[in-house]
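2 protein chains.
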Amino acid sequence: MEIRVMQGIMDVNGEIAKQNRELFLERKITVVNVLASPGAGKTTLIQAICSFLKDIRKVYIIEGDIASSIDAEKFEKSGIPVVQINTGGGCHLDANMLREAVSILKPENGSLILIENVGNLVCPAAFDLGDTLRLLVASVPEGHDKPYKYVSMFSYADAIVLSKTDLLPYIDFDMKMFENGVHALSPKASLFKVSCKTGEGLEDFFDWINKI
Amino acid sequence: MEIRVMQGIMDVNGEIAKQNRELFLERKITVVNVLASPGAGKTTLIQAICSFLKDIRKVYIIEGDIASSIDAEKFEKSGIPVVQINTGGGCHLDANMLREAVSILKPENGSLILIENVGNLVCPAAFDLGDTLRLLVASVPEGHDKPYKYVSMFSYADAIVLSKTDLLPYIDFDMKMFENGVHALSPKASLFKVSCKTGEGLEDFFDWINKI
Chain A
27 MEIRVMQGIM
37 DVNGEIAKQN
47 RELFLERKIT
57 VVNVLASPGA
67 GKTTLIQAIC
77 SFLKDIRKVY
87 IIEGDIASSI
97 DAEKFEKSGI
107 PVVQINTGGG
117 CHLDANMLRE
127 AVSILKPENG
137 SLILIENVGN
147 LVCPAAFDLG
157 DTLRLLVASV
167 PEGHDKPYKY
177 VSMFSYADAI
187 VLSKTDLLPY
197 IDFDMKMFEN
207 GVHALSPKAS
217 LFKVSCKTGE
227 GLEDFFDWIN
237 KI
Chain B
27 MEIRVMQGIM
37 DVNGEIAKQN
47 RELFLERKIT
57 VVNVLASPGA
67 GKTTLIQAIC
77 SFLKDIRKVY
87 IIEGDIASSI
97 DAEKFEKSGI
107 PVVQINTGGG
117 CHLDANMLRE
127 AVSILKPENG
137 SLILIENVGN
147 LVCPAAFDLG
157 DTLRLLVASV
167 PEGHDKPYKY
177 VSMFSYADAI
187 VLSKTDLLPY
197 IDFDMKMFEN
207 GVHALSPKAS
217 LFKVSCKTGE
227 GLEDFFDWIN
237 KI
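Line order of the protein sequences matches chains A and B.
Counting in my numbering, the first sequence runs from 27 upward without gaps.
Counting in my numbering, the second sequence runs from 27 upward without gaps.
So here's chain A without its partners, still in its complex pose (with noise of 0.2 Å):
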């Protein structure tokens, strides 16, 4: 009984997800599903690409969140279109949280949307937005064996932003067990290392950013 409604839920979800999908093509709109941890610096690098694309191309931010309106706030003053969905307790967003996010922002054609989305690496990889691609930024003091701990969203990912490498001093991280598990999990996806308080890195991740 429970594996039919948890199927009924999925396929909704994959049918609108379909949906948002064929619209961003027609419209060529880039949707980007930004995935991590609480507190791995998804919103500090979201900001970073948002003043990076001041100039060159519209975006359009989307804030995940169980509670509160903090990082919304953030873009709001930087006069950043941006909508809060707050899933009062839910642990990831769906399809259709996307489509009415997306029917109040009105994008232009061309422009980038970024969705922030809840932190958390286990559930939101077992829902399809209708994105268009999946940034996964896992951070330097979440630790190196995260990539064998979390395989599904390791393995979900198009590329993978290695955040707050500033802090590789003074921690103990395995690069090269970290870039193992990503490379078995996500042999296609980039890897950029990169810390938003230095600038370093920052620079490959934006040509990557251009292209998309």
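There could be a bad hint or two in this list.
Repeated chains share a single entry, so a pair holds when one copy, or any two copies, can fit it.
Cross-link-like lysine-lysine pairs, in silico, DSBU-like; alpha carbons within 30 Å at most [what the hints assert, rightly or not]:
1) K54 / K214
2) K103 / K202
3) K44 / K223
4) K202 / K44
5) K202 / K100
6) K219 / K84
7) K219 / K100
8) K44 / K103
Think of the hints as simulated: they come from the structure by calculation, not from any bench.
With the hints as your guide, set chain B onto chain A.
For chain B alone, coordinates are given in the frame of chain A:
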């Protein structure tokens, strides 16, 4: 329909949690459910507790992970009885998993069981295990805003450890904002600020561990 099925699952979980709790009370076993984001330092803190209690109290470990047995192997090497639970995609442990793990461990009366839950600040707060205490580990690099974003988890905690305080000089962390959030959501919870790297703050925390 979905709600009814979910209610059924929660009823069964609650019933098993109640039985677990009665068993632990009867046998004077303290069971601590250790909760955190991925990479907040749960394993390192549990290792520190094991070292401290080595000659004081019998300790058992239950390791919850979606995949891998990286952490369980660390404890096995130290000769500490450990059971690994792989949830196979599941985002939290449940009361039945705890019951089964305990039946394998066969803990002594008066002992301490430390459960390392799946790294996730959302879902584990919805599933009572029948534990004695919930210990939330929040790490400095995750940022001071976590209590405001993960309200259920912070409200659910009986004690909170702010870990990795050795990184405070390198991170923009507003301690007052963090503390205000913690006290608002968990007014009765003890808050410990520790670094397992330097040992700072561990003495107070171990005093508390000694009393549970």
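Do the hints match the structure? See the list:
1. In this assembly of identical chains, the alpha carbons of K54 and K214 lie at most 30 Å apart only when taken from the same copy (23 Å versus 52 Å across copies).
2. In the homo-oligomer, the alpha carbons of K103 and K202 lie at most 30 Å apart only across protomers (23 Å), although the nearest pairing inside one protomer, at 40 Å, exceeds that limit.
3. In this assembly of identical chains, K44 and K223 lie within 30 Å of each other by CA distance neither inside one copy nor across copies; the values are 37 Å within and 48 Å between.
4. Proximity of K202 to K44 under the C-alpha cut-off of 30 Å is found in neither arrangement, the shortest distances being 37 Å within a copy and 45 Å between copies.
5. Taking the shortest alpha-carbon separations for K202 and K100, only the inter-copy value of 20 Å comes in at or below 30 Å, while the best intra-copy value is 35 Å.
6. In this assembly of identical chains, the alpha carbons of K219 and K84 lie at most 30 Å apart only when taken from the same copy (25 Å versus 43 Å across copies).
7. Within a single copy, K219 and K100 get their C-alpha atoms as close as 24 Å, and across copies as close as 28 Å, so both meet the 30 Å cut-off.
8. Proximity of K44 to K103 under the C-alpha cut-off of 30 Å is found in neither arrangement, the shortest distances being 33 Å within a copy and 48 Å between copies.
The structure is inconsistent with the numbered hints 3, 4 and 8, although it conforms to all the rest.
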